[in-house]
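These protein sequences, in sequence, are chains A and B.
Read the first sequence against my numbering and you will find it ends at 136, with the numbers running on by one and no gaps.
Read the second sequence against my numbering and you will find it ends at 1320, with the numbers running on by one and no gaps.
The hints are simulated quantities; they were obtained by calculation from the structure and are not laboratory data.
Accuracy of the hints is not assured; some may be wrong.
Said to hold, decoys possible - Cβ pair distances, simulated, as ranges:
| id | chain 1 | residue 1 | chain 2 | residue 2 | range |
| --- | --- | --- | --- | --- | --- |
| 1 | A | Ser130 | B | Arg1288 | 14 to 22 Å |
| 2 | B | Ser1191 | A | Trp71 | 45 to 53 Å |
| 3 | B | Leu1207 | A | Val119 | 41 to 49 Å |
| 4 | B | Pro1203 | A | Arg110 | 23 to 31 Å |
| 5 | A | Ala126 | B | Asp1169 | 55 to 63 Å |
| 6 | A | Ala126 | B | Ala1179 | 37 to 45 Å |
| 7 | B | Asp1169 | A | Met41 | 41 to 49 Å |
| 8 | A | Gly70 | B | Leu1207 | 27 to 35 Å |
Unchecked claim - Here's a subset of chain A near chain B, in silico, CB distances under 7 Å, partners left out:
| id | residue |
| --- | --- |
| 9 | Phe33 |
| 10 | Ile35 |
| 11 | Thr48 |
| 12 | Thr64 |
| 13 | Arg108 |
| 14 | Glu121 |
| 15 | Val122 |
| 16 | Gly131 |
Said to hold, decoys possible - Beyond 10 Å from chain A on every Cβ pair, some chain B residues (computed):
| id | residue |
| --- | --- |
| 17 | Leu1057 |
| 18 | Pro1082 |
| 19 | Asp1086 |
| 20 | Leu1108 |
| 21 | Met1134 |
| 22 | Leu1137 |
| 23 | Ala1162 |
| 24 | Leu1180 |
| 25 | Ala1256 |
| 26 | Ala1266 |
| 27 | Met1270 |
| 28 | Leu1272 |
| 29 | Phe1308 |
In this text, all values refer to a predicted model and were calculated from it rather than measured experimentally.
Quick reminder that beta carbons are idealized off the backbone N, C-alpha and C, glycines included.
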Amino acid sequence: MSVASHQEPEVVVYRRVQRWSVYLGLALLLVTFIIYVSGLMKPYIAPTELDEFWSLSVHEYIETAEIETGWGWLSMLRYADFLNFVGVAFLASVPIICYIAIIPVLLRDRKTIYAVLAVLEVIVLAVAASGILGVV
Amino acid sequence: MKRSSRLRRVALCLLLLFFLFSSYASAQTDTQSLSDSTVNGRPWWYWPLLLFIVSFLIGIVAVLGGIGGGSLFVCVVASFFPFHLDFIRATGLFMALASSLSAGPSLLRFDLASLRLAMPLALVGSIASTIGAMIGLALPTNVVRISLGVAIMGVSIFMLTAKKSRKPDVEHLDKLSAALRIRGVYRDRGSGERVTWRVHKTPQGLLFFIFVGMIGGMFGMGGGWASVPTINLVMGAPLKISVATSSFLLSITDAAAAWVYLNNGAIIPMILVPSIVGIMLGGAVGARLLRVARPTIVRWIVIGILAFSGLRIFLQGLGL
């Protein structure tokens, strides 16, 4: 199958940004997990104790293990298990990064409706990522 | 194309190296402190390793069965593993997210996934999946189990009965698709012909995506089983465009819900990472097996697994 030769600029930007972001995200996930399982850094919850927590509901888990919600994991990056959150959060951020990258391209090409859609999507994803929503 | 496949091969080797290394590291840790590294007679790495193997198999079966791995993962792991449903749903979402993100660039590159078609649907879907995730985390576990059981049994029936249309007829554009100029051209690999496509019934498609997003967010299932028929049968996009665009846009809708689960603490890396690595490796092997396997038989097996697991989860929710 031949590569499309007349792709719209925003598509080219989106796929390129996504491709490299995914590589970076997966690499972060793998490296931090290797650090975790190899014991190079101390974990917050030892792997041997995990089975006491993984059968609890998330509400019981964060209460019992005294884990901060929202972006609280940033203050726990000294622990190997929480270091994994860097890769996890980065992967979840990839669509936001891609949308932010295409907004200038859409505006430059005067594709106003799509620029508005992109801005709205960034807002939705940013609100979801912000942690301000909590749980119903 | 060569560059892309070379990068894919490098990524595959890295994943394989990672697995070998982590297995070795696990074994070392276990040997060093045998007295406290066993839990209930099992080494601590027993469940993560089993999870990796199961995710790997799910990755193969999902590709051969033509479904996303998220749904299969959630129902199998919720049925047979000791993890709470909250962590399983979060992991299911991240698995679907990782798979979708990996596939996206190639699908866009060959004009199979359409950014114009994806953007409005993804916006509605991501709002709905955020709300779905919040509701899913707030509901009592047994209610989620019962609903999930019903949803999975519904998915299996849907897969059994859903129709597909290779090239639906779109005679009249609706105002929205005309305003958004949702259309495209792709080259069919089989026939070599250039296929021009456009869509209709965009408002109805957007309404369906509220449902797709809600279910995806609530239960941690990718949602390809519902989004493909919506784009194909409701909006009239060709099947190839529907499958590729669905696969691409789920990275956006799943990311919104994934953030809600992440912010609520539903991530345990020892569950998440082996699952993602397993399903991605399995997916790569499944894509190779696709040339020799008989997808129809595998699809029947997938439907059987979904129906059985769905019933099991439903009964667990009822406390039976």
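Hints, verified against the model:
no.: 1; hint: A:Ser130 - B:Arg1288: 14 to 22 Å; in the structure: violated (41 Å)
no.: 2; hint: B:Ser1191 - A:Trp71: 45 to 53 Å; in the structure: holds (51 Å)
no.: 3; hint: B:Leu1207 - A:Val119: 41 to 49 Å; in the structure: violated (23 Å)
no.: 4; hint: B:Pro1203 - A:Arg110: 23 to 31 Å; in the structure: holds (25 Å)
no.: 5; hint: A:Ala126 - B:Asp1169: 55 to 63 Å; in the structure: violated (40 Å)
no.: 6; hint: A:Ala126 - B:Ala1179: 37 to 45 Å; in the structure: violated (26 Å)
no.: 7; hint: B:Asp1169 - A:Met41: 41 to 49 Å; in the structure: violated (59 Å)
no.: 8; hint: A:Gly70 - B:Leu1207: 27 to 35 Å; in the structure: holds (32 Å)
no.: 9; hint: Phe33; in the structure: holds (4 Å)
no.: 10; hint: Ile35; in the structure: violated (10 Å)
no.: 11; hint: Thr48; in the structure: holds (5 Å)
no.: 12; hint: Thr64; in the structure: violated (11 Å)
no.: 13; hint: Arg108; in the structure: violated (16 Å)
no.: 14; hint: Glu121; in the structure: holds (5 Å)
no.: 15; hint: Val122; in the structure: violated (10 Å)
no.: 16; hint: Gly131; in the structure: holds (4 Å)
no.: 17; hint: Leu1057; in the structure: holds (20 Å)
no.: 18; hint: Pro1082; in the structure: violated (5 Å)
no.: 19; hint: Asp1086; in the structure: violated (4 Å)
no.: 20; hint: Leu1108; in the structure: violated (4 Å)
no.: 21; hint: Met1134; in the structure: violated (5 Å)
no.: 22; hint: Leu1137; in the structure: violated (5 Å)
no.: 23; hint: Ala1162; in the structure: holds (26 Å)
no.: 24; hint: Leu1180; in the structure: violated (6 Å)
no.: 25; hint: Ala1256; in the structure: violated (4 Å)
no.: 26; hint: Ala1266; in the structure: violated (5 Å)
no.: 27; hint: Met1270; in the structure: violated (6 Å)
no.: 28; hint: Leu1272; in the structure: violated (7 Å)
no.: 29; hint: Phe1308; in the structure: holds (22 Å)
Hint violations for this structure: numbers 1, 3, 5, 6, 7, 10, 12, 13, 15, 18, 19, 20, 21, 22, 24, 25, 26, 27 and 28, all remaining hints satisfied.
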